[in-house]
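Q: One letter stands for each residue in the lines below.
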Amino acid sequence: MLPVYATNKILKNTKVYKNIFIMTVSGNYDIIPGQFFMVRSWGIELLLSRPLSVFDAGCGYVSFLYEIRGRGTKILSGMKAGDSISMLGPLGNGFDLSNIKGRAAMVAGGIGLTPMLYTAKKMVGCEVDLYAGFREDVYIVDKFKEYVDNIYLATDSGKAGHKGFITDIFDPKKYSVVLCCGPWTMMEKVIKKCIKCDVPIFISMERRMACGVGACLGCTCKTKNGNKRVCKDGPVFNGRDVIIG
Amino acid sequence: MMEVEICNVKFKNPVIAASGTFGFGREYNEIFDVSKLGGIVSKGLTLNKREGNRGIRIFETRSGVMNSVGLQNPGIDEFIKYELPFMLKLDTVAIANLGGESIDEYIKGAQMLDNTRVQFIELNISCPNVKHGGMAFGIKSKVAYEVVSKVRGVVKKPLIVKLSPNAENIADVAEKCCEAGADAISLVNTFKAMAIDIKKRKPVFENVTAGLSGPAIKPIALRMVYEVASAVDVPVIGMGGIANYKDAIEFIMAGASAVQVGTANFIKPDICISLIDGIRNFMETEGIKDLEEIRGIIRG
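Line by line, the protein sequences are chains A and B.
So for the first sequence, the working numbering puts the first residue at 1; every next one is plus one.
So for the second sequence, the working numbering puts the first residue at 1001; every next one is plus one.
Bound conformation, chain B alone (with noise of 0.2 Å):
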């Protein structure tokens, strides 16, 4: 059975498009069924609108991709009236993530989150683009209880905190979400990275540094959730370089309960629904009946 749940909430398959990597799903949903995934996660939401960052964006890396992005996104106020129904209709699991650049934004935008029909709030406290915005709140323990109890105090639907690899100590940092009252955890966001180019003799990127992604980061993103499931009784979300049926049982196998793909959807826009059919193959060659039976195994 392919099927998972997650705070009572049922997911057809564990393959979830990740934040910022697929919009809200209406452009991929021109080039397949997007309803066939388990859920999709938006663009990263914040109260007001917000234009991104200047300069290049997008940069390529081996086996992987940096981005410096911002956190461009129409407003939570747009997001309701032009996006969400589009993602409600789909027959798949919407999941808004909202990242914030002050403890009150955060608050004002999952209070008008949690009055639609959205099925899931991430929060993301480890965006590492926008200067205030998110990660911030997702280095140290103090500081990301705070926010999340916060937030917590003002939503009444499941909320799942989506953690930054760049935390000092990414598991007590988990523990104290869910101490805050986190439904899940989702982990992880991009690594700080950066990149020169040799020839200007400048940084690649305006802001110096950029979020590096992709499979070049899916060993240590592994070791993180691994540390994480081991560490918090929430569910967890695993995500990092995930590329093919086989990175997800991985994670899976180290305690996830489902999985978010990323920039592997460049790779090919339908990837997702390679995974889904390559987990279902797995489970019938292996004679695994629900992934209950793998998750966590090598926990032993």
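The shape of chain A in the complex, shown without the other chains (with noise of 0.2 Å):
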């Protein structure tokens, strides 16, 4: 569907970790898995909208798996049930799932996480593994386990899963297609490797972004084929393509 700007109510807005929400608001959309919002609630004194990526959806809602990472992200943790919300979307490409079929991979780092819990909802008829991989603790994975088969799990700490990161333990060998969305350190071990087995992958990136819908040019990607807008060509690409992260 073509973007709209809307104000929506916030129905629910959890912590899930530390400094991780969920931020779930009412709203009919028709989504693509790996779509963001431009989001809002604050007035000019902070310009721009925050980008946040699709972590669910359904009928009459969209959520938000999200981290504090400035004042921004500060002031969306502090909103409650009930308040109002702005939002322009949904964006970008996202995952094509024509694409995305046999066994199939999802390698995550962190926050990264967040647009694969709805596509792995959309991937209907593939066989799904999960790689996560966390600095500290493992947080939401949970939320996955109905839309999954397996979950493999890497922590920087060795609190859980393998001790390091999760990178050492996936081997895309037996998948057909990978889809990765984290660091860029992690997401170029991914394709560097996906590259060596010859396996399609797809990553979703993260940019600083102002319009959010393709105009602006603020947040370019250097791919093989020119730059690329995130916001508007992406978030989702080709690994293959990029250039640098």
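Please keep in mind that the hints were generated in silico from the structure rather than gathered at the bench.
These numbers were taken from a predicted model, which means no experiment stands behind them.
Heads up, some of the hints might be wrong.
[Stated by the list, open to error] Simulated pairs of lysine-lysine, BS3-like, Cα-Cα distance not exceeding 30 Å:
| no. | chain 1 | residue 1 | chain 2 | residue 2 |
| --- | --- | --- | --- | --- |
| 1 | A | Lys196 | A | Lys122 |
| 2 | A | Lys222 | B | Lys1192 |
| 3 | A | Lys189 | B | Lys1199 |
| 4 | B | Lys1036 | A | Lys228 |
| 5 | A | Lys74 | B | Lys1200 |
| 6 | A | Lys222 | B | Lys1268 |
| 7 | B | Lys1268 | A | Lys80 |
| 8 | A | Lys192 | B | Lys1200 |
| 9 | B | Lys1199 | A | Lys74 |
| 10 | B | Lys1049 | A | Lys224 |
| 11 | B | Lys1268 | A | Lys12 |
| 12 | A | Lys228 | B | Lys1049 |
| 13 | A | Lys189 | B | Lys1200 |
| 14 | A | Lys224 | B | Lys1081 |
| 15 | B | Lys1199 | A | Lys18 |
| 16 | B | Lys1192 | A | Lys228 |
[As the list claims (entries may be wrong)] Listed below are several chain A residues computed to face chain B (Cβ distance under 7 Å; list not exhaustive):
| no. | residue |
| --- | --- |
| 17 | Leu2 |
| 18 | Pro3 |
| 19 | Tyr5 |
| 20 | Ile44 |
| 21 | Glu45 |
| 22 | Leu47 |
| 23 | Ala210 |
| 24 | Cys211 |
| 25 | Val213 |
| 26 | Ala215 |
| 27 | Leu217 |
| 28 | Gly218 |
Beta carbons are placed, not taken as given, at the ideal position from N, Cα and C, and that holds for glycine.
Reassemble the complex: the two chains are provided individually, in unrelated frames, and hints are given to aid placement.
A: Printed below as a string of structure tokens:
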């Protein structure tokens, strides 16, 4: 669907881990997994809206999993059920599910899990394994159990799963396609592994954004096919095309 | 009456989307009917395609945004082939913003645009984000005079010159641009500014400096529009941090014939429509029949 600017009501805004929250908002949207919204609940003192990836959506609601990174997300974290929030979206291309068949792996680092839940939900007929890496503790992964076949974990702290990086234990060989979202250093490793094994890889990119609709060119990334706008041509890209993260 | 006339071109209202914040209108047209705007200024164009700057391009500041996009654009050829036809199909005034690295480049670009159906050329002598691109021409009056007169020599279309607030003396630059043949003046482009990442101990932007826009600059921009409108006889298009109808009215009262809205488009995609409605309501409430009644009114 074409993006719309609307003011919606917050249904729930709960903390799931230290500085990680899930905000559920009212609204009926036809969303492609991997799309995002530009969200704001402030005047002009913070000029820009914040791009938040869709975590989940359904009849009458859409939810966002987000981490407090700065002033905007801090304000969002303080919002209560019943408060109003302005949203522009859905935006971006999302994952092209027609390209995603067979046995799929999702590889995510920390808050990079965000676009994966709704995507997993929509990958009907695929066998999906989730690989999730965290710094300290594992969070939100429980929500995936219903939609994925296997979950593999890694933590820097060693508190759960493999002690180290998720990329240490991820091998793309047995998969027909890989979806990845997380810090660039992690995605770069996953892309390299996939190229080596000749496995298709789609990544979801993150960038500072201003307009969110493809007009200002503030969020471009370099690809083999020239500059691309993360907000409009992405945020999902073929991992083989992206040159600089 | 909301309608304004600049260089014999009718604008259905005085609210124009500013260059660099609105692409070529295509994306925003998916969200609202951009034909309701008075006009649309294209993304800054250069003779040849430009990839733009590396590194962080957008950085938020208090009530403002810094950008260092670096005139990424498809080049004038591509613009004429693929973007301009879309702009011309819209029921709004189409303005092509032209930047350049050399006078020669400005001239060639201007010649190409002059042969199209675009209604205005806005000569950008004020982009702070490319090394030789634009702003260097807008700092000193003498240099500004030279580029404007050379472009004027090859262009029949109405020529707007977009000024930099970083000019040594903006009113003087404006006067010289008019002497050189500018049909209208628009101002201000972004302020040269900087930010430092204290953890990395480095500037946020690869170019070190970037252009500051948004409500933070509005009072300074307004003062500059006032000074320029007092100094020149041609129409002045005011911009700089305009985010609501009151800001727009202030610029008109300072002497602007029309206003451009840039950064505020990021607050709400159809904010220009709120401005147009706000201006209309203000006129009704205040019993203003024509914006001409209040244009430059503070100058007495």
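Q: Each hint should be assessed against the structure and marked as holding or not.
A: These are the hints, each one checked on the structure:
1. Restraint check for Lys196 (chain A) and Lys122 (chain A): satisfied, since their Cα atoms lie roughly 28 Å apart, inside the 30 Å limit.
2. Distance restraint check for Lys222 (chain A) and Lys1192 (chain B): the Cα-Cα separation of roughly 26 Å lies within the 30 Å cut-off, and the hinted pair is therefore satisfied.
3. For a cut-off of 30 Å, the pair hint linking Lys189 (chain A) to Lys1199 (chain B) stands: about 25 Å separates their Cα positions.
4. Of the pairs offered as hints, the one joining Lys1036 (chain B) and Lys228 (chain A) holds, with about 29 Å between alpha carbons and a cut-off of 30 Å not exceeded.
5. Taking the CA atoms of Lys74 (chain A) and Lys1200 (chain B), the gap is about 22 Å. The hint holds against a cut of 30 Å.
6. Distance restraint check for Lys222 (chain A) and Lys1268 (chain B): the Cα-Cα separation of roughly 28 Å lies within the 30 Å cut-off, and the hinted pair is therefore satisfied.
7. Among the hinted pairs, Lys1268 (chain B) with Lys80 (chain A) is consistent with the structure: their alpha-carbon atoms are about 22 Å apart, no more than 30 Å.
8. Taking the CA atoms of Lys192 (chain A) and Lys1200 (chain B), the gap is near 28 Å; set against the 30 Å cutoff, the hint holds.
9. Under the criterion of a C-alpha separation no larger than 30 Å, the hint pairing Lys1199 (chain B) with Lys74 (chain A) is consistent with the structure, at around 20 Å.
10. At roughly 16 Å between alpha-carbon atoms, Lys1049 (chain B) and Lys224 (chain A) fall within 30 Å of each other, so this suggested pair holds.
11. Among the hinted pairs, Lys1268 (chain B) with Lys12 (chain A) is consistent with the structure: their alpha-carbon atoms are about 24 Å apart, no more than 30 Å.
12. For the suggested pair Lys228 (chain A) and Lys1049 (chain B), the alpha carbons sit about 14 Å apart, so the restraint of at most 30 Å is met.
13. Proposed proximity of Lys189 (chain A) and Lys1200 (chain B) is supported: the alpha carbons are some 24 Å apart, at most 30 Å.
14. A distance of roughly 23 Å separates the Cα atoms of Lys224 (chain A) and Lys1081 (chain B); the hinted pair therefore holds under the 30 Å criterion.
15. Pair hint Lys1199 (chain B) plus Lys18 (chain A) holds up; C-alpha atoms about 22 Å apart against a cutoff of 30 Å.
16. Annotation: proposed proximity of Lys1192 (chain B) to Lys228 (chain A) holds, straight-line Cα distance about 26 Å (limit 30 Å).
17. A distance limit of 7 Å between C-beta atoms decides the matter here; for Leu2 (chain A) the minimum to chain B is near 5 Å, and the interface restraint holds.
18. At about 6 Å, the closest approach between the beta carbon of Pro3 (chain A) and any beta carbon in chain B falls short of 7 Å, and the interface hint on this residue holds.
19. Residue-level restraint check for Tyr5 (chain A) holds (minimum Cβ-Cβ distance to chain B is 6 Å; threshold 7 Å).
20. Among the interface hints, the one on Ile44 (chain A) holds; its C-beta lies about 5 Å from the nearest C-beta in chain B, closer than the 7 Å criterion.
21. Below 7 Å, beta-carbon pairs count as interface contacts, and Glu45 (chain A) has one with chain B at about 6 Å; its hint therefore holds.
22. Among the interface hints, the one on Leu47 (chain A) holds; its C-beta lies about 5 Å from the nearest C-beta in chain B, closer than the 7 Å criterion.
23. The beta carbon of Ala210 (chain A) comes within 5 Å of a beta carbon in chain B, closer than 7 Å, and the hint placing it at the interface holds.
24. For Cys211 (chain A), the suggested interface contact is upheld, since its CB lies about 5 Å from the closest CB of chain B, less than 7 Å.
25. Interface restraint check for Val213 (chain A): the shortest CB-CB distance to chain B comes to about 4 Å, inside 7 Å, so the restraint holds.
26. The beta carbon of Ala215 (chain A) comes within 4 Å of a beta carbon in chain B, closer than 7 Å, and the hint placing it at the interface holds.
27. Residue-level restraint check for Leu217 (chain A) holds (minimum Cβ-Cβ distance to chain B is 5 Å; threshold 7 Å).
28. With a cut of 7 Å, the hint placing Gly218 (chain A) at the interface with chain B holds, because the nearest CB-to-CB distance is about 4 Å.
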